[in-house]
Structure formats: C-alpha cells, structure tokens
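Asker: Chain residues, written in single-letter form:
There are 2 protein chains.
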Amino acid sequence: MDEKPVPTLKDVLAARPFVYRYLQPTPLHPYPTLSQLTGAEIWIKHENHQPIGAFKVRGGLVLAANLSAAERQAGLFTASTGNHGQSIAYAARAYGIQATIAVPEGANPGKVAAMRSLGAEVVHHGADFDTAREWVMGVAAEKHGRFVGPTEELLIHGVGTYALEIMESLPDVDTILVPVGAGSGVCATSIVAKTINPRIEVIGVQSAQAPAMQRSWAAGDMVAAEMNTFAEGIATRVPFANTQRIMRQYLDDFLLVDDAEIKQAIVTLLAHTHNLAEGAGAAPLAAAVRYQARFAGKKVVLVMSGGNLALEKLQAILGEG
Amino acid sequence: MDEKPVPTLKDVLAARPFVYRYLQPTPLHPYPTLSQLTGAEIWIKHENHQPIGAFKVRGGLVLAANLSAAERQAGLFTASTGNHGQSIAYAARAYGIQATIAVPEGANPGKVAAMRSLGAEVVHHGADFDTAREWVMGVAAEKHGRFVGPTEELLIHGVGTYALEIMESLPDVDTILVPVGAGSGVCATSIVAKTINPRIEVIGVQSAQAPAMQRSWAAGDMVAAEMNTFAEGIATRVPFANTQRIMRQYLDDFLLVDDAEIKQAIVTLLAHTHNLAEGAGAAPLAAAVRYQARFAGKKVVLVMSGGNLALEKLQAILGEG
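The listed protein sequences correspond, in order, to chains A and B. So for the first sequence, the numbering used here puts the first residue at 1; every next one is plus one. So for the second sequence, the numbering used here puts the first residue at 1; every next one is plus one.
Hint data in this document are derived by calculation from the structure and do not stem from the laboratory. Quantities reported herein were computed from a predicted structural model and do not represent experimental measurements. There could be a bad hint or two in this list.
[As the list claims (entries may be wrong)] Cβ-Cβ distance ranges computed for the label pairs, FRET-style:
| # | chain 1 | residue 1 | chain 2 | residue 2 | range |
| --- | --- | --- | --- | --- | --- |
| 1 | A | K143 | B | P198 | 44 to 54 Å |
| 2 | A | P198 | B | D258 | 57 to 67 Å |
| 3 | A | D130 | B | Y95 | 56 to 66 Å |
C-beta atoms are modelled at their ideal positions from N, C-alpha and C, and glycine is treated no differently.
Using the sequences and the accompanying hints, generate a full structural model.
Answerer: Here it is in structure tokens:
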C-alpha cells in the first residue's frame, strides 16, 4: 500500500487557482421545507450546478493544470461512462490536451455523446468496464500517456475546494453528509472540514445495495461486496485503498441507505428544490430522512454531488412513486 | 401613462451592491449537445439556480434595500402565487420586514408553503387573483404599507444584473432569448445589452396561448388576449404599460411558441442539461428550436428564468411524451 502522506488542507488551498480559473463557486442554499420534513436545518451544496453537472470537474482541472509538457503532449487516458470521464474530457479540452476515454461496448449513448461533445475520443472496447480499463491502460503505457484513476491525489485536492466553500459560507455547520463512490469527495471533505474544525461531523453515505466502501471502512480492511444499486455514482464493487486510508483517519461515520430511499429522495428533491439529483446526489437526503433522530436540530449540509440522471431513469422513478 | 425616463444601464449598475450582498452570479454554461440539436451555439443563463429558483429574487432585494424607514416599518404587500411573491418574501426576510402576500382561495398549497417558509404572511382572499390583489392593495393603503407590483422600476434595476453577468461572461453574444411575463426581465435585458452593444439582438418569447404582451408590442398599443397557457410565469392576460413602453424602445423582436413546444423543451432540457425548467424557463429553447433557421451559427443565450415547475405538472408532461 502507498504510505506517502495523505493530502492536506494546504494541498486543497493550493488547488484553488486551478479550479477558479474555469469554474465559479457553487451555491449553498438553505431549504426550509426540507428542514420541516427532517427536523434538521438542511442546506444543500449544489455541485449539480457545475458545467458537467457534477463535482468531479474540479479535480480534473487541477490534474490537467499540473501535467508535465510531455504528459500534455501524450494526452490523458481513462475509462469511465460517468462523471469522472466527463471531468477528464472537460479538463483536457480546457488545456488543449487530447483525452481518450474507454467505455464498454454497451455504454450509455447519451453519456458517450456528452463526452464526445467535449472533444474527447471515446473508444468502445470489451464487454465490461474492467476490460475497457485494462485496454486503455495498455494504450496509455504504449504511448507514454497519463492514465487517470478516479482517486488520484490531485483529484482529491481539486474536489476539496467545494468543502472549503462550505466552510466559508457556513462555518458553524454541524454535519456534512457526502455520498461515497470511489471516495475522492468524502476524503476531500473530511480533510478540509476536520482540519479547520474537528467538531464538524463528516459522514459518508452509500447504498446498502453496494456497500463495499462502507464495509471496508467499518472492517478496517479491504472488503469487496455485491453491487446492485441503480445509482452509478456510488456503485463501487471493489474498494479503493488510498481513499480508505484517508477515511480511516478522518471520517466520523458511514451510513447505508436503501435504493428505494434514494429514489424517494430524488422525488422529494425535485418537489422541494426543483433540482434533479442523480442517485449519488440524493443519497445524503435519504440518510437525513432515514436517520433523522440523529440529526434533529443540527445544521446539516447535504452534498448534491451531481445531477446526471438519465431521463429514462427519472421517468421510471416517477412512475414507481 | 407615466412618462418619466425609463431605467438605464446606470440604474442597473447601481443596483449591483444590493443584489450581491445576498446572491452570487449565476452560471452561464454552453451546451454542445443542444447546439447540435438547434444549429446555434447554445448557452444557458441559469437563473433557475437562484435561492428561490427564479430571477425575480434579484429585483426584490433591490426594492427592499431602497425602502424608507417608514416603509420598512409598515411592511411590504403584494399578490402572487408565483416567483414574484417568493421574491418579495425572500427580500423582506433578508431586511427584517414583514411581508403580506395575498393569494386566491384555491392557491397551490406547495407555493403557499414555500412563501410561508420564507416568513411571509400569506392570506387567502377571494376567488381569483384580481380579487386578492385589490384586497391587499386596500390593506396596504390602510396601513400606509408599500404595495409592490411586478414591473416596478426598482425590480427592473435588480433583474438587469443577470444581463450584466451575461455581457461580462460572453461579450460576443449575438442573440438573447428572454421569456416575457410582466416584462421586467426582457426590459432589463434589452436595456443592458442594447446600451452596451446595439448589435446584440434581444428577443422576447411568449406562449401563443397567452400572447397579450406580444400582441401589444406588435400593435404598439395595449391589447388584452386570451390566457390559456400552462406556463404561469408567462401567463399575462392584460399587458403592463411601463414595460411595453420600454420594449417598444429597445426590443428587437418578439416570438410566439406553442405550449406543446414549451413542454417538449422542458423534456429536452431535462435530458440534455439535467435542469428542471418551469414553462417560462423553457420557452426560449422552444423558440430556438421552432425558429432555428434564423439562429443558425449564432451565439445564442437562453435565459432559464426559473425552475419552479410543480412535480405533478412535470409528471403530466413526462407522461404525455
């Protein structure tokens, strides 16, 4: 395991110029009717308002800004059908770098179109995600290009800037609920918040239908688990070692919610905030509702990590209600 | 008719400190897949990201900041079940002023709850909107309070700040498409854009099912019209004189779209941008699609004026598709 020092608040502060060269701070709004619903004072950090509709764009921009000339020349390589891929595509375009993104044969055409519209070369390869990733890692090695995994430290530095924005806007926050996929968001949030004020609770949220990160954190060991959630942003089958290490040091707790509760939270968010959340982005509200006795009277920030829910999935969720 | 000078760019500049004391600039994002769809280069100004979910909050804050001590003491009075009411409620709370908002007996309970959650006193009075308004105007007069109509000059000064943000972010914009209800948004936008660069086209958009403002503008006279649109933000039965006067001076054109096209635009915006638009907020995209030959190759900003679409209406629209 990699035992170099974990990222610090100083790294996040240093990442700010690279983020704000292209992005502006996202709003943190209070929602009185959600407060009435949950008994906590609910604020939402709107990372769904980012240009790619998700927080990850902050990390991609910091990574792209810190490449060597040779790396810029050889290009960025990754495998993703989700927000990570869009983040790398967005950042590569901002810096005039070629991005190659591998996806499995059956990848969602809407997401492929979104990445292509950002200028990325999207290559279909293999029947599943692991095959696509292994293939593109090989291509990157051959071309001396930079493969970008989803939990790299520079990405954590970048996404930590949303946590700094929370601390600036609402310094007396009690609890921050963060969805956990690969873990870059929750690691960055806990590093920033706990360093500035150790009394702030930072809590991860994952679906009980894909609890690998939660079980690994609870066990203090690397534990794979079933992965049956509809919420792709928090659908992790195999835990990531570097983010687990940070979470063990900084995270206060890690809650599970059911997919059905996440779907209900998507509907509640549409009705009360008129924002479309993807499953990951709605998981914090699902936790605030399910565990509401625990948060009563507290000032709680829900990180709406992204809004990239496909129209067909939304229609299905509204139809089930 | 009131013949005092119309608002100017200078008034909008002077309003900025009152707006940014409470709000931050909203994003203006490009949407490459919508550009592919329409043949224009599409950018969206996200006023749906405001704390009340609509641009009008900018105006309310400027009005509240400029009250006399006696007016602050006596309170604000208005009639609205929509974004204007929420704007006044938000601004009144920000300045510690009592707001009284009259609504008709059958008013949407969700919107009433939203205004109450902002601290406003919401009073049900009469069977329709006009009755509610007349009643609250009487109460305001009796209490020497300030009744706030939807097209007051201070409101126009405030909402013009979104147009200034567009000019700062995208100075080479060709065309700005703005939905028209009472007309404060389109007046503010045209004053700002045409003063800075007369070559920018500013175009109003209304539903063909509620064309009073468009017909009045085209006729150069005050013309009432049927009002059958589902899109309450652009549902104007009787035109407003002061905004018509400004529109005649500044506006380049005024387009009509059908309700069915607006509903389709709501679905397209959800699919491509993952933002929920209310009918008014989707009308500009409907115009960019319907009149696409006219905008081919141009840099077009669509003002997404608000996102306050009720969940039941969204479900109905998705069900029709």
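Asker: Can you list which hints this structure breaks, lowest number first?
Answerer: none
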